[in-house]
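Numbering-wise, this note's numbering comes out as the position in the sequence shown, counting from 1, plus 5.
No lab work stands behind these hints: they were computed from the structure. It is possible that some hints are incorrect.
[To be verified] Label pairs and their computed distance ranges (CB to CB):
(1) Val298 to Pro161: 20 to 30 Å
(2) Lys75 to Thr380: 47 to 57 Å
(3) Ala318 to Ile287: 18 to 28 Å
(4) Ile391 to Arg11: 23 to 33 Å
(5) Val134 to Gly256: 50 to 60 Å
(6) Ala291 to Glu254: 16 to 26 Å
(7) Leu356 to Leu308: 24 to 34 Å
(8) Gly288 to Pro40: 42 to 52 Å
(9) Arg11 to Phe45: 29 to 39 Å
[Unchecked claim] SDA-like cross-link-like pairs, simulated, lysine to any residue; straight-line CA separation at most 25 Å:
(10) Lys131 to Arg80
(11) Lys222 to Lys75
(12) Lys75 to Ile287
(13) Lys222 to Leu68
(14) Lys75 to Pro191
(15) Lys75 to Gly196
(16) Lys75 to Leu14
(17) Lys75 to Lys131
(18) Lys131 to Ser39
(19) Lys131 to Leu188
(20) Lys131 to Val201
(21) Lys222 to Gly346
(22) Lys131 to Val47
(23) Lys131 to Ile187
(24) Lys75 to Val89
(25) Lys131 to Ala315
(26) Lys131 to Tyr351
(27) Lys75 to Arg11
Using N, Cα and C, we set each Cβ at its ideal position, and we do this for glycine too.
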Amino acid sequence: MKVQGRYLLVVAAMCGLSAATVGLITNVAGLFFSPMADEFGVLKGAASMTLTIANICVALGGLATRRLTKLVPLRVLLIAGVAVMAGSTFATALAPSMGVVYLLSAARGLAGGIIGFVLITYVLNKWFVAQLGLVTSLAMGCSGLAGAIFTPLIQPVVSAMGWRAGEVLVAALTVALCLPAILFVPSTDPGDVGLVPLGGDAPAGPTTTKGPKPPIKVDRLLFACVVLYAVLSAAVSAMPQHFPDFAEEAGLSAAVGAGMISACMVANTLGKIVMGWLTDHIGARASILAYTVLVAGSIVALLLVHVPVAFLAAAFLFGLCYSRATVGLSMMCREVFGKRGFGIVYPVAALGCSFSNAVFSSAVGFGYDLTGGYTISLVVFLAFLIGSAALTQWCYRGKAA
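Take the sequences, apply the hints, and build the full model.
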C-alpha cells in the first residue's frame, strides 16, 4: 500500500519534527562546545553541560506529551513548542553567561521533548496501520540526517562569524523544519479530517475495552538487563558530539571534525533503516551483535589510526551506535517481552537512554578536562559495548528459559 496524499504529508511533517527536536538539539551541539567555552572562560565539560541539561529536559518533556495531547489541540501544542524551541535558541545567541545558556537549554529541551519522539510515534500510530514500521524508521532516521546535512552548513558559520551567529541559524532552521507539521498535521486523529488510518478499516480514535485484561507479568531481572543495555548503548552515542574536538586533538582540521559528524549522522540514518531490514531477516539479537562488532572496530581505529580518511571511515561506523539504542532496543523489547510487555518495558528503557546520553555527554567533556584527551572515554565506551553485547545474549537466554 502506497503512502501518498495527506499521509505522505504527515510522514514528511514528522520527519521535519524529528530533524528539529533531535537533530538540531543533539546532533549538531558539539559544534558549539569549544567556542562557547572559550568565550565564557569555562571548561569544555561545563559547556557540554548545555546538552546534558537539554537532554534531561527532553526526557521529562516526553513524559508529559500524551497528557498534553489530550488537553491541548495538536496545532496549538506544535506552535507553542516551536515558539519555545526557536525562541530559546535565538535568545542563547544573546546570553551574557553560561548560567543563562543553561536555563535556555532547559527550556529548549523541554519543548523539544514535548513535540519530539513521543509525539511523533503517537501521531504515526494514529495515522498508519500499514507501513507503520517503514514510516517510523524514516522519521527516526531523519534525526541523524539532520546532523549530516546541517553540520557542514552550521560549522562554517560558527568558524567565520562565531557561535552566536550559529545559534541564530539553528533557530531559523528549527522553524523551517517544524513548519510542515504545523501546516499539514491538524490533529493526531485522521478521523478529525474525514480520513481513516492508512491500511485501517475505521477512523482512529478512542476504543472501549470489553473487560479487564489479565495483569502483565514481566521478569524483573530481564527488565533490569534491558534497561541496563539501554543505558550502556545510549552512553556510547554521547561521543560523536565531541568529534570536532577529538579531530583537533589529533592535529586534524576543523573541517575533518565536521566531516566526522556528517559521516556519523549518515550512518545514523542509514543504519536504522538497514537494522530494521536485518531484524526482519535475522532477528534483533544477531543484528545488535553485528552492529556491536562494527562500532567496536571503529573505536579501535579512532584510537590507533590518526589520519583523515581513517577518522571519517571510523566515524561512519561509529554512527551505527544510534541504531543499537533505538531500533535495536525497540525490537529487543518486542522479542523478549512480547507486544503487551513491550508497553511496560520500552518507555522505561527509552527514558534510561535519554538520561544516559545526557549524563555521558558531559562526562566525556569533563573527562577531557581531567585527562587532556578522549582516550579514556573511548576505552570506557568500548567496555560498554562489550557489556551491552553480553546483556543482549543474557536477555535472549532468559527469554528462552
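>> Hinted pair, alpha-carbon criterion (25 Å max): Lys75, Ile287. Please report holds or violated.
In response: Given pair Lys75, Ile287 is violated - Cα atoms ~39 Å apart, limit 25 Å.
> Can the restraint linking Lys75 and Arg11 be considered satisfied, given a maximum Cα separation of 25 Å?
Replying inline: holds (23 Å)
> Holds or violated: Lys75 with Leu14, Cα cutoff 25 Å?
Replying inline: holds (23 Å)
>> For a C-alpha distance cap of 25 Å, please report whether Lys222 and Lys75 respect it.
In response: Given that 25 Å is the threshold and the Cα spacing comes to 29 Å, the pair is violated.
> Between Lys131 and Arg80, is the straight-line Cα distance small enough, at 25 Å or below?
Replying inline: Holds. Lys131 to Arg80 sits at ~16 Å (cutoff 25 Å).
> Can the restraint linking Lys131 and Val201 be considered satisfied, given a maximum Cα separation of 25 Å?
Replying inline: Satisfied, since the Cα-Cα distance of roughly 9 Å is no more than 25 Å.
> Are the Cα positions of Lys222 and Gly346 separated by 25 Å at most?
Replying inline: holds (8 Å)
> Per the hint of 42 to 52 Å, is the separation of the Cβ atoms of Gly288 and Pro40 within bounds?
Replying inline: This hint holds: roughly 45 Å between Cβ atoms.
> Taking the beta carbons of Val134 and Gly256, is their distance inside 50 to 60 Å?
Replying inline: For Val134 and Gly256 the Cβ distance comes to about 54 Å; the hint holds.
> Does Lys222 pair with Leu68 here, judged by a C-alpha cut-off of 25 Å?
Replying inline: Holds, at about 23 Å.
>> Given a hint of 20 to 30 Å, does the C-beta separation of Val298 and Pro161 actually sit inside it?
In response: At 35 Å between Cβs, range violated.
>> If I claimed the Cβ atoms of Ile391 and Arg11 lie 23 to 33 Å apart, would that claim hold in this structure?
In response: violated (47 Å)
In terms of the numbered hints stated before, the structure departs from hints 1, 4, 6, 9, 11, 12, 18, 22 and 25, listed from lowest to highest.
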